[in-house]
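My request is simple: use the sequences and hints to build the entire structure.
Take any residue in the sequence shown, count from 1 to its spot, add 191: that is its number in the numbering used here.
Simulated from the structure, these hints should not be mistaken for laboratory data.
Treat each hint with caution, since some may be false.
Claimed, not checked - With beta-carbon atoms standing in for the labels, derived distance ranges: (1) 350 to 223: 21 to 31 Å; (2) 364 to 218: 34 to 44 Å; (3) 227 to 371: 35 to 45 Å; (4) 231 to 210: 13 to 23 Å.
The model shown is predicted, which means the values in this text are computed figures rather than measured ones.
Every residue, glycine too, gets a C-beta built ideally from N, C-alpha and C.
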Amino acid sequence: MLSMARSCAVVGLEGALVEVEVDLATGMSAFAIVGLPDAAVNEAKDRVRAAIKNSNCSFPFKRITVNLAPADLRKEGPVYDLPIAIGILIASEQIADSELIHAALFLGELSLDGSVRHTNGVLPMVALARERHVKTVFVPAIDALEATLVDGIDVYPVETLRQLIDHLNGVSLIQQYKRDVSLLDYDSGLHPGQEMAAIRGQEHVKRALEVAASGVTIFS
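In structure tokens, the structure reads:
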């Protein structure tokens with residue numbers, strides 16, 4: 192069975208849409224990724240296999256071929272873990288295929304336990320999604336604020352693969368992420384002479400401020 196989910200590649204400061212095609216065929220169990228993947232993308236095979244199993248799903252013992260199209264574009268980094276896992280689960284009929292999936296963008300690295308990790312380059316990838324009229328993106332929860340800096344996109348923060356499976360199957364829906372505008376208020380009492388390096392802890396707050404500042408730089 193063939194399935195498809197969409198993701199994105201970062202080329203310089205810009206993004207390029209990538210179609211993640213997954214084919215399951217009978218025969219000796221194998222797992223191949225084609226389409227100019229780098230080492231990190233090839234390592235997705237082990238991460239995806241473990242994440243699927245640890246999300247209470249079955250990993251299919253079939254000949255699995257993943258094609259990252261277009262084939263002439265170099266694919267780098269672990270951002271394709273999430274769409275590869277979704278494609279395998281659709282092809283093995285553990286996720287119901289739908290127009291929602293075909294119309295959305297999936298970004299994220301998977302841990303072996305199925306949790307979804309931070310992904311570099313979310314901002315240009317979501318900006319490309321808007322240019323290509325993609326309205327829905329699923330991103331790591333920690334990167335959701337960064338994704339909402341691009342207006343006109345419905346951003347869904349994903350913490351685990353299991354959470355996304357349940358959302359796509361209509362079991363338990365993920366709430367759309369709404370940007371807290373207070374995080375973008377730059378008159379926040381941080382004055383010259385004060386540095387974030389002097390602040391202990393509060394890593395998520397500091398990350399939010401860095402992302403907000405980068406958004407103003409790019410879109411101003």
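### Query
Among the hints numbered above, which are violated by the structure, and what are their numbers in rising order?
none
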